Amino acid sequence: MLLNPANRDPAARGRLIGALATLVILWPLFQAAEVKPGALFDSGNLKVIGNFLAAFLPPETGAEFLGYLAKATLETLAIATAGMALAFLIAVPMAYLATGAGREKPTLNPITRSLLTILRGIPELVWALVFVRVFGLGPAAGVLALGLTYGGMLAKVYAEILESVDAAPARALRHSGASRLLAILYGLIPQASKELASYTVYRWECAIRASVVMGFVGAGGLGQLMDQAMKMLNGGEAATILLTFMGLVFSADGLSGWLRRALDTPPANHASPFGWRSIGLLVTLFASIVASFQLLDIGFGELFSAEAAHSIGEFIAGFFPPDLSAEWLAKVAKGIWETLAISVVGTLLAAIAGLLLALPKWRAPFSFILNSLRSVPELVWATITALAVGLGPFAGALALALHTAGVLGRLYAEALDNAPPTPGKALRLAGAPGGFAFLYGTLPGAAPQLIAYTLYRWEMNIRMAAILGFVGAGGLGQLLYFELSLFHHAQASTVIMAMLLLSIAVDQASAWLRQRMR
Amino acid sequence: MSFSSLRRAALKGAVACAFAASISAALPALASDAVLRVSAIPDEAPTELQRKFAPLGKYLEAQTGMKVIFTPVSDYAAVVESLATKKIDLAWLGGFTFVQAKIRTNGTAIPIAQREEDAKFTSKFITADPSIKSLADLKGKTFAFGAPSSTSGSLMPRFFLQQAGLNPEKDFKNVAFSGAHDATVAFVAAGKAEAGVLNASVWDKMVEAKKVDTDKVRVFATTPPYFDYNWTVRGDLDPVIIKKLTDAFLKLDPANPEHKEILALQRAAKFIPTKKENYDGIEKAAHSAGLLK
Numbered sequence: 001m002l003l004n005p006a007n008r009d010p011a012a013r014g015r016l017i018g019a020l021a022t023l024v025i026l027w028p029l030f031q032a033a034e035v036k037p038g039a040l041f042d043s044g045n046l047k048v049i050g051n052f053l054a055a056f057l058p059p060e061t062g063a064e065f066l067g068y069l070a071k072a073t074l075e076t077l078a079i080a081t082a083g084m085a086l087a088f089l090i091a092v093p094m095a096y097l098a099t100g101a102g103r104e105k106p107t108l109n110p111i112t113r114s115l116l117t118i119l120r121g122i123p124e125l126v127w128a129l130v131f132v133r134v135f136g137l138g139p140a141a142g143v144l145a146l147g148l149t150y151g152g153m154l155a156k157v158y159a160e161i162l163e164s165v166d167a168a169p170a171r172a173l174r175h176s177g178a179s180r181l182l183a184i185l186y187g188l189i190p191q192a193s194k195e196l197a198s199y200t201v202y203r204w205e206c207a208i209r210a211s212v213v214m215g216f217v218g219a220g221g222l223g224q225l226m227d228q229a230m231k232m233l234n235g236g237e238a239a240t241i242l243l244t245f246m247g248l249v250f251s252a253d254g255l256s257g258w259l260r261r262a263l264d265t266p267p268a269n270h271a272s273p274f275g276w277r278s279i280g281l282l283v284t285l286f287a288s289i290v291a292s293f294q295l296l297d298i299g300f301g302e303l304f305s306a307e308a309a310h311s312i313g314e315f316i317a318g319f320f321p322p323d324l325s326a327e328w329l330a331k332v333a334k335g336i337w338e339t340l341a342i343s344v345v346g347t348l349l350a351a352i353a354g355l356l357l358a359l360p361k362w363r364a365p366f367s368f369i370l371n372s373l374r375s376v377p378e379l380v381w382a383t384i385t386a387l388a389v390g391l392g393p394f395a396g397a398l399a400l401a402l403h404t405a406g407v408l409g410r411l412y413a414e415a416l417d418n419a420p421p422t423p424g425k426a427l428r429l430a431g432a433p434g435g436f437a438f439l440y441g442t443l444p445g446a447a448p449q450l451i452a453y454t455l456y457r458w459e460m461n462i463r464m465a466a467i468l469g470f471v472g473a474g475g476l477g478q479l480l481y482f483e484l485s486l487f488h489h490a491q492a493s494t495v496i497m498a499m500l501l502l503s504i505a506v507d508q509a510s511a512w513l514r515q516r517m518r
Numbered sequence: 519m520s521f522s523s524l525r526r527a528a529l530k531g532a533v534a535c536a537f538a539a540s541i542s543a544a545l546p547a548l549a550s551d552a553v554l555r556v557s558a559i560p561d562e563a564p565t566e567l568q569r570k571f572a573p574l575g576k577y578l579e580a581q582t583g584m585k586v587i588f589t590p591v592s593d594y595a596a597v598v599e600s601l602a603t604k605k606i607d608l609a610w611l612g613g614f615t616f617v618q619a620k621i622r623t624n625g626t627a628i629p630i631a632q633r634e635e636d637a638k639f640t641s642k643f644i645t646a647d648p649s650i651k652s653l654a655d656l657k658g659k660t661f662a663f664g665a666p667s668s669t670s671g672s673l674m675p676r677f678f679l680q681q682a683g684l685n686p687e688k689d690f691k692n693v694a695f696s697g698a699h700d701a702t703v704a705f706v707a708a709g710k711a712e713a714g715v716l717n718a719s720v721w722d723k724m725v726e727a728k729k730v731d732t733d734k735v736r737v738f739a740t741t742p743p744y745f746d747y748n749w750t751v752r753g754d755l756d757p758v759i760i761k762k763l764t765d766a767f768l769k770l771d772p773a774n775p776e777h778k779e780i781l782a783l784q785r786a787a788k789f790i791p792t793k794k795e796n797y798d799g800i801e802k803a804a805h806s807a808g809l810l811k
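Protein chains in written order, with the numbering used here: chain A, 1 to 518; chain B, 519 to 811.
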């Protein structure tokens, strides 16, 4: 039947070639990621994991440990809040400089734009690792790292939001003689306010997750405790920390959802814009930022003394010139290849798993699985997958896959829900079995969205893959950790540049692919 | 809740930052007199380090008349960097971290005392894999070091591996850094790495405390002896305080029950004087293993 030209899929040849080309490109990446599914089912490995997971029960509840835990939780919250406050301070002027909004000609400021790219392109964990060295022990490093990366991200998104709203009011203001600042304030921000506020709140939620991860390099908080517990394979402690962490993420999620919904309700109909609710919110925000800085006790005076400036200068000078010897570049190139492989394999596996988890009609249990998968950070998954398949890139790819499957599964489920239902229904009415109706009716409608989500996630995963090496997953992260430990700053700076270039290249590739798939 | 309230909130947040920053900047200046700030390379879990240090800290307070504050960290290089930037006064360093500190401080860091045991320290290679019987069997296996800048968990084993004709990056299948000696044991016991290497003192302690199943994990090679750990002060610390600290360490006497507890926690028979030259061998090894450039 397939040989009958009339019945053949007209796109078959193109698809076959596409599939083959993809295989040819992916094969070496799978090789580099050392994918060996067999290791997952090796009885020895299964026993090790079983023992470790069995040790999760009962979770540790000793008073001394809970004391540490409470302190670390507060510290994590404070790092996230203080870091966001700093990010906001950085983002507002940068966004003003970078955005084309409110300008006569929509010219973009290339210098600020590239500065923002650098701020965002270097993962916060790398900033933290560097700052721990410059500013010494404690959470100052985490706050500054968050401030810089998130400052860069906020500034970029603020700039884009301001560009995306209707420019007419601002233009009118400019033409009647208002300065650019005022035109933006009164012409653009009122339209964009909700989106700006909503994105800021969402980022704060991300900052909590990120501040946990930064603890892994010694920036304090829950991550530091988690790192210790995971390294020592202390299941009971790990379980308690994980539960606390999940609780924290879920409540931050809830709080930010509530805030965003509150932004959607129209203001009450009275003259003053201030109701008791906004005053309460103001006081809370103000108090929590002050409390955060107090709790963390960051000696800003010490950080910005002449002596500190001197040592920072010396430290940074050590990074220049980067080591560009052929021998070192070859090593870095291998690291880049491995990191790329981890990100691609991780994202692909996640896409498959996420799709499978997004399909079932009865959502409740699967939503729970997806939420649990994504609330555990990649670095924590990596410690567990390293037990399952041994150290190396495959462990990193699996860790990425597990976390990302949670994220993608949720997004996929929403996209499939929103896909036009008619083609699938029509096929089913015409007698096609459910599977075919889905494959040829529903899936094509949702596919562009699914692919876009996956590519976006790949952009984030390349940054994550670059740092998974800190826990033994190979790639650029391991190189960086090693060289920084040994004060080989010239080599470390080559690695940081490689991370930056790789993340920019992946952003470009993903944007190109998204455009092609449209 | 309107937009303007959010904007104002954000502005107030900014003011609060500046306010909080000025407060927190003023605080340390008030209390920086007569405080001895101490840290240690995190070669074991930080909670364990704090437990170990508590009685020694009290003893040093009594001996120097200063308030002693111990800051645990999770990163070796951070301790070196803090000593170089004068954020800490006294640090427990490994042989290699001492060499790094010496270089970072242009030779001013002063080692004041070491344990008797540190003059002839060794590292143990461990495995849970029956097929590994000698260093040569490590080819093609996954291997766990401690922290990259650990003397007994990375540098010296690497040096001796090199002398045995093995290059970890080329000959091992995968190299991981567990970060701490007790974590290396956990890695090997769990099969996360097929073999690993750690400091002999921590291994003995874990065996004594039955924290490791010696039927499963066994030592298959030991390095020749070398100089390791010491207590180091930053060079520009008041010489009177340096003298007091040095005397305090050397005075610890195993016959005194109170001192005995301190020494036992430090796993030291007693403390002996040390000097920079003791670590020249480590510096050479670090150059030859490519860890110093």
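Misleading hints may appear alongside valid ones.
Derived BS3-like pairs: lysine-lysine, alpha-carbon spacing no greater than 27 Å straight-line [to be verified]:
id, chain 1, residue 1, chain 2, residue 2
1, A, Lys331, B, Lys778
2, A, Lys334, B, Lys734
3, B, Lys688, A, Lys47
4, B, Lys651, A, Lys47
5, A, Lys334, B, Lys651
6, A, Lys36, B, Lys691
7, A, Lys331, B, Lys638
8, B, Lys585, A, Lys331
9, A, Lys36, B, Lys570
10, A, Lys71, B, Lys691
11, B, Lys659, A, Lys36
12, B, Lys794, A, Lys334
13, A, Lys71, B, Lys761
14, B, Lys811, A, Lys334
15, B, Lys659, A, Lys334
16, B, Lys794, B, Lys811
17, B, Lys570, A, Lys47
18, B, Lys769, A, Lys36
19, A, Lys47, B, Lys734
20, B, Lys802, A, Lys47
21, A, Lys331, B, Lys688
22, B, Lys585, A, Lys47
23, A, Lys47, B, Lys811
24, B, Lys585, A, Lys71
Chain B stretches covered by chain A per the calculated footprint, using a threshold of three residues with CB under 8 Å from any CB of chain A [stated by the list, open to error]:
id, segment
25, 562-572
26, 688-700
27, 779-790
Calculated directly from the structure, the hints in this document are not laboratory data. Here the structure is a predicted model, which means the values were calculated and not measured. For each residue, glycine too, the CB sits at the ideal point set by N, CA and C.
Structure versus earlier hints - violations, ascending order: 1, 2, 3, 5, 7, 8, 9, 10, 12, 13, 17, 18, 20, 22, 23, 27
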